[in-house]
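Engineer: From just these sequences and the hints, can you work out the full model?
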Amino acid sequence: MGRTALRWIAAGNAILALAVALEAAHRPRYGGELRVEMRAAIAGLDPGAVSEDPVALGAQRQWMPLVFETLVRLDDHGRPQPWLATSWTHETARKIWIFQVRKNVKLHDGSTWSPASGSITIPDDRPIEHILRELAGARSAIVVKAEDGSLLGTGPFRIARWDAGKSATLVAHDQYWGGRPFLDSISIQMGRSLADQASDFQIGKADAVEIAARDLRAPKQRGTTIATTPPMDTVALQFDGGRVPAQLRQALALSIDRASIHNVLLQKQGEISGALLPKWLTGYSFLFPAERNLVRAKQLVPAPLSLTFGYDRQDAAIRPIAERVAVNASEAGITLRQGTGAADVQLVRLPVTAGDPWLALQDLTALLKAASVPPAASSYENEKALMESSGVIPLFHLPRGWMLSSKVKNWPRFEDVWLDPGAAP
Amino acid sequence: MARSRGSAVTFRTKLLFISSFMVAGAVALVTGAVSISTRRAFDAIDRERRQALLAQFRDELAARSTEVARRVELAALSRGVQQIAAGAAEYDHAQTEAASAGLDFLDVVEPDLTIISSAHWPARFGYKNDWQIAPDDWHSSDVFLARIPTPEGSVMALTAVRPVAGGKALVAGGRRLSPELLKSLGVAPGMRALLWLPPGEAIGAEGSIADPQKLASLIQAVRTPNGEATGAVQWTSDRSSSEAFLALPITRAGTLTGVLLAGTSLSTQLGLERSILRTGLVVGASGIVIGVLLGWWTTERITRPVERLAAGARAVAGGDLSARVEVLSRDEIGELARAFNVMTEQLLEQRDRAIQAERVAAWRELARRLAHELKNPLFPLQITIENLQRSRESAEFDEVFRESTTTLLAELGNLKTIIGRFSDFAKMPAPQFETVDINEIVRGVMKLNFQLERPNVKPVLELASDGTRIQADPDQLRRALGNLVLNALDAMPEGGTLLVRTALHDWGVRLEISDSGQGLTEEECQRLFTPYYTTKQHGTGLGLAIVQSVVSDHHGKISVSSASGRGTTFTIDLPASQPDPLAPPGETA
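Residue numbers (my numbering), protein chains in the order written: chain A, 1 to 425; chain B, 1 to 589.
Derived from the structure by calculation, the hints contain no laboratory data. If you're wondering where the values come from, they're calculated on a predicted model, not measured in any experiment. Honestly, I wouldn't trust all of these hints.
[Unchecked claim] What follows is a set of in silico ranges between Cβ atoms, one per label pair, in the way DEER data are often shown:
(1) A:A41 to B:Q234: 53 to 63 Å
(2) B:K128 to A:V295: 15 to 25 Å
(3) A:G339 to B:K183: 23 to 33 Å
(4) A:H77 to B:G87: 36 to 46 Å
(5) B:S208 to A:D76: 55 to 65 Å
(6) A:N263 to B:K128: 17 to 27 Å
(7) A:G242 to B:S267: 50 to 60 Å
(8) A:V295 to B:G87: 39 to 49 Å
(9) A:A146 to B:G87: 56 to 66 Å
(10) A:G339 to B:R223: 36 to 46 Å
(11) B:G87 to A:P302: 36 to 46 Å
(12) B:E73 to A:V295: 33 to 43 Å
(13) A:P302 to B:K128: 23 to 33 Å
[Unchecked claim] Below, computed lysine to any residue pairings styled on SDA-like, alpha-carbon distance capped at 25 Å:
(14) B:K128 to A:L294
(15) B:K128 to A:R292
(16) B:K128 to A:N263
(17) A:K298 to B:Q132
(18) A:K220 to B:Q95
(19) B:K128 to A:L305
(20) B:K214 to B:G227
(21) A:K298 to A:S260
(22) A:K407 to A:W418
(23) A:K268 to B:Q95
For each residue, glycine too, the CB sits at the ideal point set by N, CA and C.
Structural biologist: Okay, here's the thing in structure tokens:
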């Protein structure tokens, strides 16, 4: 009996110890370096710079908030929330808005960011929703130029080293107004192919690497932690409008069997779309047709023709789609062949850079070198106008996927990410 | 020594040509014979080599076919292909299976040929297989050639089809008919194997052939029931790019699916032929040069004596019968030289004898003439004197005397005339040249001869207008012309036309005297200028001889042309000037 009791006591102690250990394991811990690899080659995080490389632009917009912050920030529903500005009001005529800024915000050099009179005055007679949306955009981030020419931000990480397009190191901003991040630093390796990233991940050289949407299933089945975003990349055909008439653009768009690509090549990841912006962002993407109509496509092609076709052959997600698009197009009498120089049509990956349609379209407009989007117009009209002016035919929206080592916790909110050293490798 | 060979080809030149042509001809014959025999030898060897290569090619193709069949069989049984057939694999998983099976192409298709997964063209999932495989071949265990579309274009492959999972799906796999297959044959230098594939592609060990259409005639030839064909293809404008081929068809169900070609470069053969030809040309040219030199040396040895003989002969022809040829050898040429010398000696002796005989004959002729000429007047003299003697006692003596003396005087006059003529001929003086107008002399002679009325003869003068002044002896010229005019008048007893014509030439003046009489025979023409020859009943035969003598003294020429019934024409060519008598011989004024 006594022996039984002792056994129960011992078991209870063991369970208690396990519970304590489990509790300790789930409690965020400070320290450690997060090693991240990506395909994008980001030149810098300057919010005012818009990269011409869509992949680099998408990554830059993703990583920029870690260093540079805005007065307001959009929440998951796209609603503006106070960030560096705690409140805002207007003068009587509603032509000047006054934003009260957060106190004790430290710049990365340790100095205090304190606008004169503790507020920022913005003369703007537009509705406050438009103003807030603009202020939430990356281009409105607070950037202070230091005496040495470097750019100082207020974000949870500061740039310790930036080798443009190759690698960078971000270290924790100890005096961050929201509290020091858990990570000591983030090491970023740029310009790495998906295959190299997967290899580095397998041998433990990276904690977080990108993974193509179509490849998500296999690592998941192996038990690897996979993190995905909502569809953040638009796969689209971009035509050289001067060389390819609208009729042929339409024929090519109608020849593409998006459903087969989505089902087989993308493993049903992402969504079929004829719109530039994904459904979760606008809700109206279904208004843009995405069905295949081969008969109509053939009618629009008077005689077999050949177009030069370009795509990023290093992009494992894009390449099979491009090959399938070429096969589909050949059915309509359009031969897509790879050529040198400027292609007649390219399969591109366009990033959704913001949680707000207008902001996202602004970046796309810059990326596609199209006419500026008038903010007053509806997003649908803006998007439609941008598609027509830029000669872009969207095909799919793809999520971004990450393979994470088991020690990475709280991904993808970097200010909250921490590393569990006890996690199994 | 003056030689008048003109443009005639010399014996030496002929000998040189003959020896050169013989050398060149011999070299050409040898070169041609060697070239032909070389070509035949090459052809025979090449044919054997090509046939051996084709046999090796066929064996290799058969081995590869067996290998493809085995690999496709293994692929069909693999777990990966089973998963693809069951729809439990990625759309491009066929790539993995093709790689592990060592196949270049692999399509896993549903029974209706819809592609489930394609190794070489993953993007074609959901489409129908279009390898142009015949319906029967989908259920055949054979290995066959199929044209497989790829994103880069269609290629030919050795292909096999096998069922998967009891026929729930089919797997079609193949290996590209690549240059590697042809490389593996290890062909000998100068040879190569080609594989022609319909509709018009040809591959070799180095890759695709640039101009497969040049094989079209060969491909057409192998379509015949005989099957095998040979032929040559010249790939570029350079003949050395020529290649001889032996072609063998690959057929399936009566359809030509490919052609094996074993080729041999003709560059070596052509190079050798060129080398032979070049050598032949060099040898031929050298032979000609050597032949020329040898021929020169030989002909020098042969023709020099011949030339000496020719020079001797020319000297003899020129009247120098004392010419002798040096005898340098004891061969035929030496014998000829000796014979020549004997001949000239004999000729000299004969000439001397002939001169002697001629002199005797001339004296005899002269005697005969003199006798004849003198006998004619002597006979009337004798008769007259006898009459005179008989009539001495008669009453008519005076009258007889008077008539007889008249006759005697007349006959003595005749004798005197005859003797005078002979004397004149014997004493022909040297001409005294002065500038005279030949036309004036012609007019003077005509006037003198036509003082008496000659109603039946019509004189015609066709005289050159100007420049008829020449250097001549006017008396001798007048006498010669007078003789010719008298002859012409004598030739026209029935009357006719006497034409005298003068004409200017570069060398002087031509004088023609023509009558319209009966003409002369050829023999008469030839003997006309012989002294004492005459066609007239009472002629002395000295008139034309005197004419010829005068013309000759004037360094001119006289000729006669005549035709029976059409008269006779005497032509005299006289130089405008006479040679300076003080000038050395051979020079003219």
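Engineer: B:K128 and A:R292: Cα distance at most 25 Å?
Structural biologist: holds, 18 Å
Engineer: Is 23 to 33 Å a correct range for the gap between the Cβ atoms of A:P302 and B:K128?
Structural biologist: holds, 26 Å
Engineer: Between A:K298 and A:S260, is the straight-line Cα distance small enough, at 25 Å or below?
Structural biologist: holds, 19 Å
Engineer: Within 33 to 43 Å: is that where the Cβ-Cβ distance between B:E73 and A:V295 falls?
Structural biologist: holds, 42 Å
Engineer: Return holds or violated for the Cβ distance of A:V295 and B:G87 against the range 39 to 49 Å.
Structural biologist: Hint violated: Cβ distance 29 Å, outside 39 to 49 Å.
Engineer: Could you grab the alpha-carbon distance between A:K298 and B:Q132 and see if it respects the 25 Å cut-off?
Structural biologist: holds, 24 Å
Engineer: Within a Cα-Cα threshold of 25 Å, do B:K128 and A:L305 meet the stated pairing?
Structural biologist: Holds: B:K128 and A:L305 sit about 23 Å apart, inside 25 Å.
Engineer: Next pair to validate is A:K220 with B:Q95; report whether the Cα-Cα distance is within 25 Å.
Structural biologist: holds, 23 Å
Engineer: Holds or violated: A:K407 with A:W418, Cα cutoff 25 Å?
Structural biologist: holds, 8 Å
Engineer: Check the hint pairing B:K128 with A:N263 against an upper bound of 25 Å on the C-alpha distance.
Structural biologist: Distance of about 18 Å is within 25 Å: holds.
Engineer: Compare the distance between the alpha carbons of B:K214 and B:G227 with 25 Å, and conclude whether the hinted pair is satisfied.
Structural biologist: Holds, at roughly 19 Å.
Engineer: Can you let me know if the beta-carbon spacing of A:G339 and B:R223 is within 36 to 46 Å?
Structural biologist: The hinted range 36 to 46 Å holds for A:G339 and B:R223, with Cβ atoms some 39 Å apart.
Violated hint: 8 only; the structure is consistent with all others.
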